[in-house]
Amino acid sequence: MESGRPDEESNIALKEKIREDWKELREDLKEPQKTQLWKSVFRVKHERADPRTRALGVLTNVFLHLHPARVNRDAVRYSYTWGMGGITFYLFIVLTFTGVLLMFYYHPTKIQAFRDILFLEHDVPFGKLLRNMHRWAAHLMIITLWLHMFRVVLTGSYKKPREFNWCVGVILLVLTLLLSFTGYLLPDDQLGFWAVTVGTNMARATPLLGSEGPLGPQLGMTPFNDVRFALLGGSIVDANALLRAYIWHCIAIPLIAGVFMGVHFWRVRKDGGISGPAPVMLESEIKPVLRR
Amino acid sequence: MDWAQLWSIVSLPDNIPIVALAVLVPFYTWYGLRQAQATDRLITQLESNPSLAQTHHRKIYPFQPGWARELQVWPYLLRVEFLAAIIVTLVLMIWSITLNAPLEEPANPNHTMNPSKAPWYFVGLQEMLVYFDPWFAGVVLPTLIVVGLMVFPYIDTNPLGVGYYTIKQRLIPLLGFGVGFLLWILLIFIGTFVRGPGWMWFWPGQTWDHTRVMYEVNHNLSDLLRITNPWLGAIAGVAAIGLFYTVTGWGIHKLVTRTRFDRKIYGRTNLLQYLTFQFFAITILVGLPAKMLLRLLFNIKYVLITPWFNI
Ligand code: HEM
Numbered sequence: 001m002e003s004g005r006p007d008e009e010s011n012i013a014l015k016e017k018i019r020e021d022w023k024e025l026r027e028d029l030k031e032p033q034k035t036q037l038w039k040s041v042f043r044v045k046h047e048r049a050d051p052r053t054r055a056l057g058v059l060t061n062v063f064l065h066l067h068p069a070r071v072n073r074d075a076v077r078y079s080y081t082w083g084m085g086g087i088t089f090y091l092f093i094v095l096t097f098t099g100v101l102l103m104f105y106y107h108p109t110k111i112q113a114f115r116d117i118l119f120l121e122h123d124v125p126f127g128k129l130l131r132n133m134h135r136w137a138a139h140l141m142i143i144t145l146w147l148h149m150f151r152v153v154l155t156g157s158y159k160k161p162r163e164f165n166w167c168v169g170v171i172l173l174v175l176t177l178l179l180s181f182t183g184y185l186l187p188d189d190q191l192g193f194w195a196v197t198v199g200t201n202m203a204r205a206t207p208l209l210g211s212e213g214p215l216g217p218q219l220g221m222t223p224f225n226d227v228r229f230a231l232l233g234g235s236i237v238d239a240n241a242l243l244r245a246y247i248w249h250c251i252a253i254p255l256i257a258g259v260f261m262g263v264h265f266w267r268v269r270k271d272g273g274i275s276g277p278a279p280v281m282l283e284s285e286i287k288p289v290l291r292r
Numbered sequence: 001m002d003w004a005q006l007w008s009i010v011s012l013p014d015n016i017p018i019v020a021l022a023v024l025v026p027f028y029t030w031y032g033l034r035q036a037q038a039t040d041r042l043i044t045q046l047e048s049n050p051s052l053a054q055t056h057h058r059k060i061y062p063f064q065p066g067w068a069r070e071l072q073v074w075p076y077l078l079r080v081e082f083l084a085a086i087i088v089t090l091v092l093m094i095w096s097i098t099l100n101a102p103l104e105e106p107a108n109p110n111h112t113m114n115p116s117k118a119p120w121y122f123v124g125l126q127e128m129l130v131y132f133d134p135w136f137a138g139v140v141l142p143t144l145i146v147v148g149l150m151v152f153p154y155i156d157t158n159p160l161g162v163g164y165y166t167i168k169q170r171l172i173p174l175l176g177f178g179v180g181f182l183l184w185i186l187l188i189f190i191g192t193f194v195r196g197p198g199w200m201w202f203w204p205g206q207t208w209d210h211t212r213v214m215y216e217v218n219h220n221l222s223d224l225l226r227i228t229n230p231w232l233g234a235i236a237g238v239a240a241i242g243l244f245y246t247v248t249g250w251g252i253h254k255l256v257t258r259t260r261f262d263r264k265i266y267g268r269t270n271l272l273q274y275l276t277f278q279f280f281a282i283t284i285l286v287g288l289p290a291k292m293l294l295r296l297l298f299n300i301k302y303v304l305i306t307p308w309f310n311i
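Protein sequence lines, in the order shown, are assigned to chains Z and X.
Residues in the first sequence are numbered from 1 upward in steps of one, following our numbering.
Residues in the second sequence are numbered from 1 upward in steps of one, following our numbering.
There's no promise every hint is true.
To be verified - Derived coverage of chain X by chain Z (criterion: at least 3 residues anywhere in the stretch with Cβ under 8 Å from a Cβ of chain Z; other residues may be distant):
hint, region
1, 36–46
2, 68–75
3, 106–118
4, 137–148
5, 286–298
Simulated from the structure, these hints should not be mistaken for lab results.
C-beta: ideal position from N, C-alpha, C; glycine also.
This is chain Z alone, in the form it adopts within the complex (with noise of 0.2 Å):
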């Protein structure tokens, strides 16, 4: 009984090193900007707002550090770029969300397609409205794209340095364009099959390289050769137009067009940042040109 002692003292350390853990922790909840935890995640202090602190909050962040730390007073006003890149690039981002989501429901067959957008339309809660929202903001980001195209085009902002930007954006229209193609027949309704029957007939016209096309059928192109039997897998759109519909949509050309967007961001950094609002440049100032 005598060797209790020893048990009692350790008792009372216990005691007071959980006391002490205990008001730790309620320190480090009212300041959980203190805790290791939080600066593992968190690089930079944001007790201070001073611009040092801001300008590092942009740039060691994976998400925001496409952007400067700073920029032309002028060019956050929405009246220069109507923030249409910006909008379509979220657009994008929306899309790849409920797209993923929709994946989940959707088999790219003949018997189930059809059956699983009334399935998601009837059962899959909120599925209406996933549907809709994918829909919707497809059509929207090929509006906003065409009035980013407008913005840039009406403030000259395609011109030197920015020539290849300009051709890498026509490469994103184009993939937007597709991806909206592709998509239109993944319902397996008459709207989709008679729009991509319309559209892919035209590929039978191609030249050299359709069926129908000038000068194909004297280089041999039957219609189980030419290009539109490769878009479609087949001679009719059936089956395999469906699951090649499918792979390009889902797959292949967001793949692609993410690429292309990468190199778009980085290609505005590198082209100087934004073009403006840009100091206006007299007739009298332009430099003669030179001839390499």
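For chain Z, the structure is supplied; the task is to place chain X with the ligand on it using the hints.
Same frame as chain Z, now just chain X with the ligand:
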């Protein structure tokens, strides 16, 4: 006036974006041109007053000496972006709750949809099928449009007008783009609101008649010229197209060398750049509407007929 017919087209869920387009495009055109006007006033002012041009900050926005020329991205840009994301999300949510995506009957190859229309952003191309054969409307023309867009920055040799809205310094390229954009939108409107069963022309508000048969006789240019020999017909076709390119090219040349400033920019353009510009301007901006008018007004189908292709 068949309002029900008109409404049944306008209220198709897939056509709502066109209605949005009809509001947004004029709005943003006005929004951009308004800033262009302000800039143009500033340019005129600075050009007439060189000493002011030395000291002025040269923007239409207010600026005081001592103000920072750059702003922190956080918070000044990011807050705008977050706000935009929220607004877009809200608009999309409301749109998706109130309007359902269309779903027709299951695909049925034995039952043709009439009219069978592409989604609105492709309807322009589909409408082109009326005026050109599929190899041209569906393959060559889209390629030309894409290539034409890509070469644009390389043939616009005017160094002025980068990074601000202006009309004064960039009238010609804006005109070119404007015509192209308007043409595209016009084609969408025709394809969506005018074309009915059989892709026939029904004025907006005219009842779609599925039994209508058109006794339209299409002519080719060689018929009009009463040429029966196919070789002579082809030669006449090539001559007509050559004449069209020459006359239009001459007209465009007059247009782009009209003012002293335009001639200065023309002087900076090399031959390859200029010929590329002329080719796209004649073919797409003038040729396309010209062929449309030939067809719509005079029922001319082909200008050039060869054994391999017809235009
Ligand atoms: C998926 C499509 C696209 C996305 C997500 C996208 C996104 C962006 C973003 C976020 C910017 C920054 C400025 C702004 O928001 O306006 C930008 C700039 C730019 N974009 Fe795009 N864009 C796309 C398509 C296009 C297209 C179709 C074109 C032209 C044909 C284009 C040409 C340009 C150019 C030249 C700039 C630089 C503008 C400047 O510095 O003022 N982009 N883009």
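Taking the hints in turn, this is what the structure says about them:
Under a criterion of three residues with beta carbons nearer than 8 Å to beta carbons of chain Z, the stated coverage of the region 36–46 of chain X is upheld, 5 such residues being counted. Evaluation of the coverage hint for the region 68–75 of chain X: fulfilled, as 8 residues show C-beta separations to chain Z shorter than 8 Å, against a requirement of three. Given as covered by chain Z, the region 106–118 of chain X passes the check, having 10 residues with a CB less than 8 Å from a CB of that chain where 3 are the minimum. Residues of the region 137–148 of chain X lying with their CB closer than 8 Å to a CB of chain Z number 5, which satisfies the three-residue condition for coverage.
Requiring three or more residues with a Cβ within less than 8 Å of a Cβ of chain Z, the coverage given for the region 286–298 of chain X is violated, as only 0 such residues are present.
Consistency with the previously given hints fails for number 5 only.
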